[in-house]
Amino acid sequence: MASELELVDIQAGYGRAAPVLRGLSVSVEAGTIVCLVGPNGAGKSTVLKVASGLLKPRSGRILVRGVDVTGQGPQQMLASGVAHVLQGHSVFREMTVAENVLLGGYTLRDRSVLAKRVEFVKEVFPVVADRWNSLAGLLSGGQQKQVEFARSLMVNPRVVLLDEPSMGLDPKATATVFDQVVRMRDAGTAVLLVEQNARRALETADVGCVLDLGRVHLSGPASDLLADPRLGELYLGGRPTVPQPPARR
Amino acid sequence: MPSVSDSLTRPADPAAPVASPAAAPDGRQRLGRLLSGAALLALAVAVLSFPAWAPNPYVLSAGVVVLNYAVLSTSWNFVGGFTGYISLGHGALAGLGGYATGLLVVRAGLPSFVALAVAGLLVAAFAVPVGYAALRVRGASFVIVSIALVLILLLVFQSWASVTGGSRGLVVPRPFPDLLRPEHHRVFYYLFAVLLGVALLVWWLIDRSRFGLGLKAIREDEDKAESLGTPTFGYKLVVFVVSAGFTGLAGGLYALWFGDLDPVFQFSILTGAYLVLMALLGGVRHLFGPVVGALVVGVALEYFKVEFGDTQLHLVATGVLLALVVLFMPDGVLPALGGLRDRYLRPAQASIREVTAAELWARRAAESGSTSTVTGPAPTDPAGSGPAASGGVERATADPDAPEHVAAEPGAPTTEPEAR
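Sequence lines, in order, name chains C and P. Mapped onto our numbering, the consecutive letters of the first sequence carry residue numbers 1 to 249. Mapped onto our numbering, the consecutive letters of the second sequence carry residue numbers 1 to 420.
Here chain P stands alone, though its shape is the one from the complex (with noise of 0.2 Å):
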């Protein structure tokens, strides 16, 4: 829910049980939000005290496996979720914040954490030009040039030998070199996190916003939006830059505590496709759909590959997993699990069968009893008393800036013939 309309529903709360009782305050109703926190305050407490209960170093490097796929994928969600433009080129821009980082630090000499900044703005620059191109086409053909991508940034990256170390890889040195293997993952473990921690806020800030209403009209409708005054072009290409730059970062940040960089998996369309089924899996339109994706997925692919490593089966297993996704969940498990508690937890929701405008007026008017402001009636009436008050103070407010309007309305409600 954006922010304008939180801040705008709230002087015309006084209508608001008038107009809907069955969506009335009910415990059934606060018991799923109750539910809903306590969902997230368990995974945020599970995700920060696992390096505290984790068996062992690899299954601490496998979470932070898992963590550097979260912020991926919730970087990809801003283009994927905001605008629907799926982007299977998202696995290069996370080689190439990934790359940066290394190179910045191997050739330039520049300090790790320095050297991964750059690496996130220098990623963000690039979408600039890569954005311009590639978002003046949609679908399909949007898809297939994030392809052309990856594949380009992988020629280039294997062939240009001298500068990227090619097909040998590229060592990049760590940023700690004192700590102990398991100390080294726990310290990045909690980067990744903080990254994570601060892509959801953004993601969070822009949904609210008047920008994040202009991306969601895009994905609904493009040209549609466009005629309503959208600038969704530009809108397109800064939420691409955005996703670009936290892509690059988790990139570069991966590059830190791996160590080792090469192209062949840098550069790989696999893992973009890896980003959009988590996406997909958790639910793209909710925040933490593809914090959820990851989890599910990343870890089964660890297992995956722990039990069929030796064979392709780990792919064929993935492989099912996604189709069982898309049969069963195709909004992805959030909305799956919303709707369950929906269903339990929330009154039915009211028919859609018409009532009349004459029949809520009347509703309204018969709810807000002497501040029937609403109703037409009075207009001019500010109507102090009644819950309905500051809903009064407010019409009389607005009444100057529309008063051809208002002047229109005391008779209007009669024009209603019930009779038709």
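Just chain C, same shape as in the assembly (with noise of 0.2 Å):
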């Protein structure tokens, strides 16, 4: 079968500057949490934002479910099954939670089909439920984050992708965002996380992928990478072990 997302061989980056991704790949399959840890810089979020559709790579290709989708724009992708919660808080601030969680929706027409999705996120957000008409921006950074969530599990993806869900939360929070991480996964859902905070992310997920100098140097379960002393080496501080591509103009 095939996986939910797959990135093969990707080369992307910004305007004229030096390639971000440098031949990247990685695939996340259907009810997996697949994390990338790696320093500032490594690519991370910018991997993101290739399966997003926020930017167009290089070269290389993104596969949906086996189908070739490079080069698909943000809708597209989303209506392909693919959403994004982008990094930092990102909710309509001045709009209820009603509001942001029924945006989310806006590209299902049938109505009793947002009903029902409304209903299950509710349920999987607790929270929405209980500040459904509160205004957005009212809440605490780690209710925000559950609903931006919800918002983006309304269109019923089949791949989430998570840039640094627990940025800027304190650790109770954070708990209760990984927690939603896990109910996601548990309801079948692929996730790709990226996360500064490496060895709770690890805890927390199937496959693990570290990057550095835009390609995976390392992948395996989560478990093991966890207890693999040259995740530290790397991400640490230490030296990469591989010798770095010459920088491209």
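Just so you know, these hints were derived from the structure itself, not from any lab. All values reported here derive from a predicted model rather than from experimental measurement. There's no promise every hint is true.
What the hints assert, rightly or not - Pairwise CB distance ranges (calculated):
| no. | chain 1 | residue 1 | chain 2 | residue 2 | range |
| --- | --- | --- | --- | --- | --- |
| 1 | C | 76 | P | 303 | 54 to 62 Å |
| 2 | C | 133 | P | 323 | 54 to 62 Å |
| 3 | P | 117 | C | 133 | 37 to 45 Å |
| 4 | P | 340 | C | 171 | 33 to 41 Å |
| 5 | P | 223 | C | 67 | 24 to 32 Å |
| 6 | C | 233 | P | 326 | 34 to 42 Å |
| 7 | P | 198 | C | 112 | 27 to 35 Å |
| 8 | C | 221 | P | 366 | 32 to 40 Å |
| 9 | C | 15 | P | 138 | 21 to 29 Å |
| 10 | P | 299 | C | 76 | 21 to 29 Å |
| 11 | C | 196 | P | 121 | 42 to 50 Å |
Yeah, the Cβ is synthetic: ideal placement off N, Cα and C, and Gly gets one too.
Take the two lone chains, each set in its own frame, and fit them into one complex as the hints suggest.
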């Protein structure tokens, strides 16, 4: 069976600058959490931008359930079932939680489907039901994050891309957010997770990939990776063991 | 609150009291809603009965002017309130509506109110290419483009004297030549009131609709709205055209009432600025914001003109008014009043301290008792009895749609390790 999402040999970068991703490949299966860890500038967020269509790769292929979707924009990727939860807080602060969630389902034309999805996300994210009519901007950071999750799940995506979901959250809120990620996985969603909090993320994830200099340096079952001494070497300030490719102009 | 969400909250109502005990039906809250309703009713009665107690025709004519402002400002608020695009060009659209009506009566010989309707449609049609060009730019650039519209139209209508009468102005024959002046004011007062009612109704309908939800998302963050699948450009254009149509109608009705058009006053940036001031003062996110703003600013403008009309002092006074509003009520009068009401009549907002998902589930389970489908332990049990019966049925019907999710539910709450 084809992976839910597969990136093959991706080269990508911003403007005319040197590429950020240099031949990266990663795949995510249904019902698993794949976690990307790596130092700042390794290209973690860029992977998600490529996967959600926000950034067009210079070369390489993007496959959704075996279908080549390379070069499609964010709306088409969303339609293919790939939802992206951006870094930082991206709720509509001056709108209610209800409006935020309904906007997530904006592409759903069928009222009854929409109602069912609302029921679903209210159930998975009790805070959404609890604060349904509050302005989203009045919620705490962790609650806002859950509203964002709920918004992204409205279209019933097959793949969810999460960019640093624990950023700026206290440990308790982080725990809640990670619990929700596990619930998404358990519901059959494929999750591609980017986290600075590497240990925490690898404890949660099924598969881990360590990124450095725009490619995957280590990958494998997350638990193995946690025990691997090379993780610390790469991630916690060690030198990459692979020679650097020459910088391209 | 858009209707979509209203209709969607209903099936979940059983969960609502569970989720927020602080928001439980409360006498004080009902009193607050009652107060708002009473204020609204008082406003409506005051507006509609005004011609009966206006002491003299001049005051009545001032009332017509204020109502005209209320319609214009509400029309402006279709664009300004929903999308957050600040247009200073709506004065020109009103002027265009006035001239279109006048010219259709004078040159084409159409009956007054047929001319008015055609003029409204013409202005709406004119707004299509204008919006198509102007709505591509945002923020300050849009404001400047909207100002350019005013200046261009002013030049055209001043110079094209053979058609428009140029600086000599255009005299529009009255639709009711037999009426005496006070009667004439009274009739037009009610005509403006009807137009205002229609504009408010349409605004309210959009506010509650899916379309309105998309527009408000544009106001908050246009790029994000686009990425969620809102056809932002099309929406902006549609609402701009609707806004222009109402503005044109108000301008046309003014032309029929006032009977004399001068390009300098019809195509004035000052008009657009007043409309923005009124809407901001009342509160752009509120249905009645622009009306309240028009009442305050319109009455103040008339008063200042009567008192200080010989000097430029009336403009200074208007400026001071604007400054006071921006300083003390940046969101407008209505949100400020609403805030006051909430402060005294509503229970304090629940703290935003994190409540874990587990706590909320526990609370939900405790309060829904036997109908615990929501908590997961027995998702296949439709659990008929109790106050949450409808919610339970709703869940059961929802199951086939997302079997994989529901199947995963039972174990999920137990994966909440409290120790973390």
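Tested hints:
The beta-carbon spacing between residue 76 of chain C and residue 303 of chain P, approximately 58 Å, falls within the hinted interval of 54 to 62 Å. For the pair residue 133 of chain C and residue 323 of chain P, the beta carbons lie near 34 Å from each other, so the given range of 54 to 62 Å is not met. Between residue 117 of chain P and residue 133 of chain C the beta carbons are some 40 Å apart, a value that agrees with the proposed interval 37 to 45 Å. For the hinted restraint 33 to 41 Å between residue 340 of chain P and residue 171 of chain C, the CB-CB distance of approximately 39 Å keeps it satisfied.
Taking 24 to 32 Å as the suggested C-beta distance range, the pair residue 223 of chain P and residue 67 of chain C conforms, at roughly 27 Å. A hinted range of 34 to 42 Å is violated for the C-beta pair residue 233 of chain C and residue 326 of chain P, which are about 58 Å apart. Between residue 198 of chain P and residue 112 of chain C the Cβ separation comes to about 32 Å, which falls inside the hinted range of 27 to 35 Å. For residue 221 of chain C paired with residue 366 of chain P, a C-beta distance near 39 Å keeps the hint of 32 to 40 Å intact.
Look at residue 15 of chain C against residue 138 of chain P: about 22 Å separates their beta carbons, and that is inside 21 to 29 Å. Checked against the hint of 21 to 29 Å, the C-beta distance between residue 299 of chain P and residue 76 of chain C comes to roughly 53 Å, which is inconsistent with it. Between residue 196 of chain C and residue 121 of chain P, the C-beta spacing of about 58 Å breaks the proposed range 42 to 50 Å.
In terms of the numbered hints stated before, the structure departs from hints 2, 6, 10 and 11, listed from lowest to highest.
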